[in-house]
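The whole structure should be built from the sequences, with the hints applied where relevant.
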Amino acid sequence: MFFERDKKNGIEKMVLSSLEKIVAEIPDNYLVFQGGKVFTKADFLKALKNPRDPLTLNLARAFCDFRVFQLFHASRVPQILEQK
Amino acid sequence: MIGIAHEIDDATKYSFQWYKNAVAKLPFPVIEILQQSVIKENVERILSDSPGDSIIFFDHGNYTSLIGYNKQPVISTSRPEILKDREVFTMACQSARDLGPAAMNAGCKVYWGYIEVVTFDTAALPAFEETLSSALVFRWRDKLEWSEVKRRVLELYDKYLNDEKIPTLSKLWLQQNRDRLRVYPLDPLPNNSTPRCQVSRALARLFGLKFLSWLRKIRERLFGVSPGYP
Chain A
1 MFFERDKKNG IEKMVLSSLE KIVAEIPDNY LVFQGGKVFT KADFLKALKN
51 PRDPLTLNLA RAFCDFRVFQ LFHASRVPQI LEQK
Chain B
85 MIGIAHEIDD ATKYSFQWYK NAVAKLPFPV IEILQQSVIK ENVERILSDS
135 PGDSIIFFDH GNYTSLIGYN KQPVISTSRP EILKDREVFT MACQSARDLG
185 PAAMNAGCKV YWGYIEVVTF DTAALPAFEE TLSSALVFRW RDKLEWSEVK
235 RRVLELYDKY LNDEKIPTLS KLWLQQNRDR LRVYPLDPLP NNSTPRCQVS
285 RALARLFGLK FLSWLRKIRE RLFGVSPGYP
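Protein chains in written order, with my numbering: chain A, 1 to 84; chain B, 85 to 314.
Treat the hints with caution; some may be incorrect.
[As the list claims (entries may be wrong)] Computed, partial: chain B to chain A, Cβ under 7 Å:
#1 Asp94
#2 Ala95
#3 Cys177
#4 Val201
#5 Thr203
#6 Phe204
#7 Asp205
#8 Thr206
#9 Ala207
#10 Pro251
#11 Thr252
#12 Leu253
#13 Leu256
#14 Gln260
[What the hints assert, rightly or not] Quick list of simulated restraints, FRET-style, between CB atoms:
#15 Gly292(B) / Ala24(A): 49 to 57 Å
#16 Pro27(A) / Gln101(B): 19 to 27 Å
#17 Ala286(B) / Lys49(A): 33 to 41 Å
[As the list claims (entries may be wrong)] Below, in silico cross-link-like pairs of lysine-lysine (PhoX-like), each with a Cα-Cα straight-line distance of 20 Å or less:
#18 Lys37(A) / Lys97(B)
#19 Lys301(B) / Lys155(B)
#20 Lys21(A) / Lys249(B)
#21 Lys227(B) / Lys193(B)
#22 Lys37(A) / Lys155(B)
#23 Lys193(B) / Lys234(B)
#24 Lys21(A) / Lys49(A)
#25 Lys41(A) / Lys249(B)
In case anyone wonders, no lab produced these hints; they're calculated from the structure.
A virtual CB, placed ideally from N, CA and C, is assigned to each residue, including glycine.
Below you can see the structure in the form of structure tokens.
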């Protein structure tokens, strides 16, 4: 399983750079409520500097859900084609 | 209909408002247990006075319990029979993993909940409010069958997942909530005969599941909230 491996090695660069793009597009005053915890945009930015940070792994696990992954990339296909 | 809701932290400031918005749309009066009144004694008393009444619960939970104002369980796997003959709706975290199945085994009619933590964010609040709370309006205002309620809620999730205005990060949480939703008996009950914790597994193997359940009740009485909260 993808994350069984990545708990040890951290997440792949490609996933990490996608996550950085996703987090960059949210507003600075962004808050996320997860269970009883609250995370800010700054928390995510800080966590993404460490591929083994639990918050990064949590984010990556959710991101690698196929449908979200597909949606993220599908929304950027026109931009990618334009660049080419 | 019994509505239970409280506001104990930043997350519940939002969910308490969602509860009020949803209940205001219902065409009949709701017996409400709110804020500081959400403690085990009150909840158990009112539930025993209203057998068979449906329950709406907002907000925190863990695998085995729905959590009250004092951060102690108000409804838990130690006494699932209080949910017998009821329809239960909650957007609390995790309760559909153990409490939901325990309630169904004790005769609960329907349990709507989530098997893991529920997440929402401030970038798409209307989407989260609608996907997390509209089921109770579909069920009790529009009088739809639970299968139709679930279909409509999944449709709502899909609508927002395809909405270009919703940030990808919010979609990620929406997708996760969608995947974690369980509606029993529409969804199959998880196989909980084998505990996940290694110590629990060993105890169950040595002394049986009844002994383990008894130990958990003792732990809950001594320490209140069981592991997994929030």
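Can you give the numbers of the hints that this structure goes against, from lowest to highest?
none
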